Amino acid sequence: MTVETRREKEITVAAITGRMDALTTSDVERTLMRLLDEGARTLLIDLGGLDYISSAGLRTLLAAAKRMKAQAGTMAFVNLKGHAKEVFEISGFYSLFTVYDSVESALERLGR
Amino acid sequence: MFRNRGIAFKLIALVATAGGFIFLCVFGYSYLFSRRTIEKNIEESARNLALATVSRIEASLRSVQKIPLNARYLVESRPLDRAALVDLLLNLAENNQDIYGAAVAFEPGKGKNERGFAPYVYRKDRTIALTELASERIDYPLADWYQIPRELSQPEWSEPYYGEGQGKILRSTYSVPFYVTAKEQRHFGGVIAVDISLERLQDIVSSVKVLRTGYAFLISQNGTVVTHPRKELIMNATIFGMAEEAGDAGLRELGRRMIKGASGLAPLGPGPLGPASLMYYAPIPSNNWSLAVVFPVAELMSDVRRFNGIAAILAVAGLAALSGAVILIARSITRPLRAMVQATGRIAEGDLDAPLPVRMSGDEVGTLTKAFEDMRVSLKQYIGRLTETTAAKQAIESELKVARDIQMEIIPKKFPTFPEGTGVDIHAWIEPAREVGGDFYDFFFLDRSRLCAVIADVSDKGVPASLFMAVTKTLIKAKAALETAPGDVLTAVNEELAAGNGTNMFVTVFFAVLDIETGELLYANGGHNPPVLIRRDGTAGPVEKTGNPVVGVIEGIEYRTGQLILYPGDTLFMFTDGVTEAVNRGGELFGDERLLKEVSAAADPSPASRVAAVRNALARFSEGAPQADDITILAVRYAGPLQSEHTGQA
Numbered sequence: 031m032t033v034e035t036r037r038e039k040e041i042t043v044a045a046i047t048g049r050m051d052a053l054t055t056s057d058v059e060r061t062l063m064r065l066l067d068e069g070a071r072t073l074l075i076d077l078g079g080l081d082y083i084s085s086a087g088l089r090t091l092l093a094a095a096k097r098m099k100a101q102a103g104t105m106a107f108v109n110l111k112g113h114a115k116e117v118f119e120i121s122g123f124y125s126l127f128t129v130y131d132s133v134e135s136a137l138e139r140l141g142r
Numbered sequence: 269m270f271r272n273r274g275i276a277f278k279l280i281a282l283v284a285t286a287g288g289f290i291f292l293c294v295f296g297y298s299y300l301f302s303r304r305t306i307e308k309n310i311e312e313s314a315r316n317l318a319l320a321t322v323s324r325i326e327a328s329l330r331s332v333q334k335i336p337l338n339a340r341y342l343v344e345s346r347p348l349d350r351a352a353l354v355d356l357l358l359n360l361a362e363n364n365q366d367i368y369g370a371a372v373a374f375e376p377g378k379g380k381n382e383r384g385f386a387p388y389v390y391r392k393d394r395t396i397a398l399t400e401l402a403s404e405r406i407d408y409p410l411a412d413w414y415q416i417p418r419e420l421s422q423p424e425w426s427e428p429y430y431g432e433g434q435g436k437i438l439r440s441t442y443s444v445p446f447y448v449t450a451k452e453q454r455h456f457g458g459v460i461a462v463d464i465s466l467e468r469l470q471d472i473v474s475s476v477k478v479l480r481t482g483y484a485f486l487i488s489q490n491g492t493v494v495t496h497p498r499k500e501l502i503m504n505a506t507i508f509g510m511a512e513e514a515g516d517a518g519l520r521e522l523g524r525r526m527i528k529g530a531s532g533l534a535p536l537g538p539g540p541l542g543p544a545s546l547m548y549y550a551p552i553p554s555n556n557w558s559l560a561v562v563f564p565v566a567e568l569m570s571d572v573r574r575f576n577g578i579a580a581i582l583a584v585a586g587l588a589a590l591s592g593a594v595i596l597i598a599r600s601i602t603r604p605l606r607a608m609v610q611a612t613g614r615i616a617e618g619d620l621d622a623p624l625p626v627r628m629s630g631d632e633v634g635t636l637t638k639a640f641e642d643m644r645v646s647l648k649q650y651i652g653r654l655t656e657t658t659a660a661k662q663a664i665e666s667e668l669k670v671a672r673d674i675q676m677e678i679i680p681k682k683f684p685t686f687p688e689g690t691g692v693d694i695h696a697w698i699e700p701a702r703e704v705g706g707d708f709y710d711f712f713f714l715d716r717s718r719l720c721a722v723i724a725d726v727s728d729k730g731v732p733a734s735l736f737m738a739v740t741k742t743l744i745k746a747k748a749a750l751e752t753a754p755g756d757v758l759t760a761v762n763e764e765l766a767a768g769n770g771t772n773m774f775v776t777v778f779f780a781v782l783d784i785e786t787g788e789l790l791y792a793n794g795g796h797n798p799p800v801l802i803r804r805d806g807t808a809g810p811v812e813k814t815g816n817p818v819v820g821v822i823e824g825i826e827y828r829t830g831q832l833i834l835y836p837g838d839t840l841f842m843f844t845d846g847v848t849e850a851v852n853r854g855g856e857l858f859g860d861e862r863l864l865k866e867v868s869a870a871a872d873p874s875p876a877s878r879v880a881a882v883r884n885a886l887a888r889f890s891e892g893a894p895q896a897d898d899i900t901i902l903a904v905r906y907a908g909p910l911q912s913e914h915t916g917q918a
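Top line first, the protein sequences correspond to chains A and B.
Numbering-wise (the working numbering), the first sequence opens with residue 31 and increments by one.
Numbering-wise (the working numbering), the second sequence opens with residue 269 and increments by one.
Calculated directly from the structure, the hints in this document are not laboratory data.
Every value quoted in this text rests on a predicted model; they were computed, and no experiment measured them.
We treat Cβ as the ideally placed atom computed from N, Cα and C, and that holds for glycine.
Careful: at least some of the hints might be erroneous.
[What the hints assert, rightly or not] Under the rule of at most 25 Å between Cα atoms (straight-line distance), these lysine-lysine pairs were calculated in the DSS-like manner:
id : chain 1 : residue 1 : chain 2 : residue 2
1  : B       : K813      : A       : K111
2  : B       : K669      : B       : K682
3  : B       : K682      : B       : K745
4  : B       : K392      : B       : K451
5  : B       : K436      : B       : K499
6  : B       : K451      : B       : K477
7  : B       : K813      : A       : K115
8  : B       : K392      : B       : K334
9  : B       : K865      : A       : K115
10 : B       : K436      : B       : K308
11 : A       : K111      : B       : K865
12 : B       : K865      : B       : K813
[Said to hold, decoys possible] Computed far set for chain B versus chain A, every beta-carbon distance over 10 Å:
id : residue
13 : T285
14 : G634
15 : A746
16 : T752
17 : G795
Construct the entire structure; sequences and hints are all you get.
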């Protein structure tokens, strides 16, 4: 499992690939918390390469989202497919978060 | 073999080998060096001794040679009568102590002088005697001493011989030919002969002593032994005869060189001339005899050998002493080591109180003992801690077991029964992945006709999840009694849970209320897997989503209430994601489609049968792969409205 982060102007993009389960999710958590500590205002999480996400993974994403909300920032997801998309649907995350189809459209919207 | 021997043996073997080798090297070198020095000295002193002896002999011979040469002048200058000749001879003998005898021998003439004429004086018992050599018994002109100078026309020393008649004295004669002039012609007149006793030469030669057994000897021009410490060889043996007898070609060659007048140092093997030795030989110029000085090698080397013997004894004694020291050192090492072996053996058997040998020394063995002692103490402490930890772990495990029992007890195990064709038929199965889990199900009646069914999954496992689960279960039951719509129940539960939820732990909940009289099913879904609705005719599909998120994290969410109508024979099959996300050894997920297929393929439509079908399918699918998540199933079949006042009890 890897997390790659990059900057698109004011927006931080974190691409998570592989499996996000109880064992590997702490890596993602560390990376996301670091980005938030560094003061990322707008965080775009790219789940295009995510093969699997467990409830522990969801919890990490929830925690990050809550912190972002507390910092009055914006967090959004892109590229949901397969299992991740299914899990987002079932768990009702669609109702909690903003989800875009692609990085381009997200950047366009978020960049205003 | 060597590897398995003790340290003492190895040390001794190594030290003795190395020490012996060093000793051997030193001895070998000193032996060779001293031997070479001695040999050099021998050569030097042999040459000096031989040459000194030769010059003594030579001086003696030369002084004798002058006598007849002087006499010849008298004899040749004028004819002398017999009386004058005898006077001359007596004078010679009296004035020259070196000579034994002297003669003037005239060449025999024809007629009256047929036998010749040869007056001869010689020493006899401290006086000088006179005799006439020309007699019937002695035919002097045939003697070598007369014949050879006559033929060679030059003075000549004779081979040694025993004189006849005038005492058996070994002698050699120096003969000088003289000539007379008659009728203007010079012709051979005879010889003037001087005898020397070889005893004098023997005295000179035998005065040569080399150590105890070294000696000198003299051989004549044809190799005859003239002087030798072994008297029986004198005049009886020649150097060639001895070489022949012994088959010693080297000796023969040596003899040849000697009579040719050569000089030099030659090694002699053991043979006729005694044991192995070195011989220096040199010629005596006057008579072409040869002197040899024999140096006994063994005797010369005996000092060196004695030195080596003593050194060898010292070496052996030294090595023995060294071995003794090594044994002491090795003992001082191995004794504590053996004690250590015993002690560590006991430690290895688990006796951690076994005392280690007390050792105060600061050497390696002492350090080792100290290290072992530290290890023993550490081991003891570690095992002590391990025992404590194990006890603590056992305590935790037993507490977990109690927790599991409690958790299992708060989940209803007794399913309500209704008369055939009325009420509901319920069956459930729960299998936590660990001792305690975060999944739960619940069912209870709100009143006579309304049945609540709950299935939930806390976003974690173990003790934290089980606590969250217990809270959630209690909250749902409490809120269900207060609110009418399931959506409102979840909204209320969410508010309670989300308030101050620092851990971000959440729970997915499917909460349904079935009115048994009407078959109306109201439900709310907080991010949970949609249950499968199996109609009486066997068609199956997921319950429509409400789109609400998981419960317990985000405050202020309004949960929707969904509605369904169940007909008698319809089954609501609720499950947690432990079912659909069960993984086999290939990493494949069980999945929704497989679940739909298995739940429809049950042997009969009873909830128990459907639960069993899915349970068996999961077991087949996982092939023994470890269960990653809690698995929970709750199946409710609606049988029909109640017919009387009769009510089943939960």
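So, going through the hints one by one against the coordinates:
Taking the CA atoms of B:K813 and A:K111, the gap is about 19 Å. The hint holds against a cut of 25 Å. Between B:K669 and B:K682 the CA atoms are separated by roughly 21 Å; this keeps the pair inside 25 Å, and the hint holds. The hinted pair formed by B:K682 and B:K745 meets the criterion: a straight-line CA distance of about 17 Å does not exceed 25 Å. Distance hint between B:K392 and B:K451 is unfulfilled; the C-alpha atoms sit about 41 Å from each other, more than 25 Å.
Under the criterion of a C-alpha separation no larger than 25 Å, the hint pairing B:K436 with B:K499 is consistent with the structure, at around 15 Å. This hinted pair does not check out: B:K451 and B:K477 have alpha carbons roughly 58 Å apart, beyond 25 Å. Restraint check: the Cα-Cα separation between B:K813 and A:K115 comes to about 14 Å, which is no more than 25 Å; the hinted pair holds. A C-alpha spacing of about 23 Å is found between B:K392 and B:K334, which places the hinted pair at or below 25 Å, so the restraint holds.
For the hint pairing B:K865 with A:K115, the CA-to-CA distance comes to about 22 Å; that is within 25 Å, so the pair holds. Our distance criterion of 25 Å between C-alpha atoms is broken by B:K436 and B:K308, whose separation comes to about 43 Å. With a CA separation close to 24 Å, the supplied pair A:K111 and B:K865 stays within the 25 Å bound. Annotation: proposed proximity of B:K865 to B:K813 holds, straight-line Cα distance about 20 Å (limit 25 Å).
Consistency note on B:T285: stated as away from chain A, and its beta-carbon is indeed over 10 Å from all of that chain's, at 63 Å minimum. With a minimum CB-CB distance of about 50 Å to chain A, B:G634 clears the 10 Å threshold, and the non-interface call stands. A cut-off of 10 Å between C-beta atoms confirms that B:A746 is not in contact with chain A; the least separation is 23 Å. For B:T752, the non-interface assignment is confirmed: its Cβ lies about 22 Å from the closest Cβ of chain A, beyond the 10 Å cut-off.
Not every Cβ of chain A is farther than 10 Å from the Cβ of B:G795; the closest lies at roughly 4 Å, contradicting the non-interface assignment.
Taken one by one, the earlier hints fail for this structure at numbers 4, 6, 10, 17, listed in ascending order.
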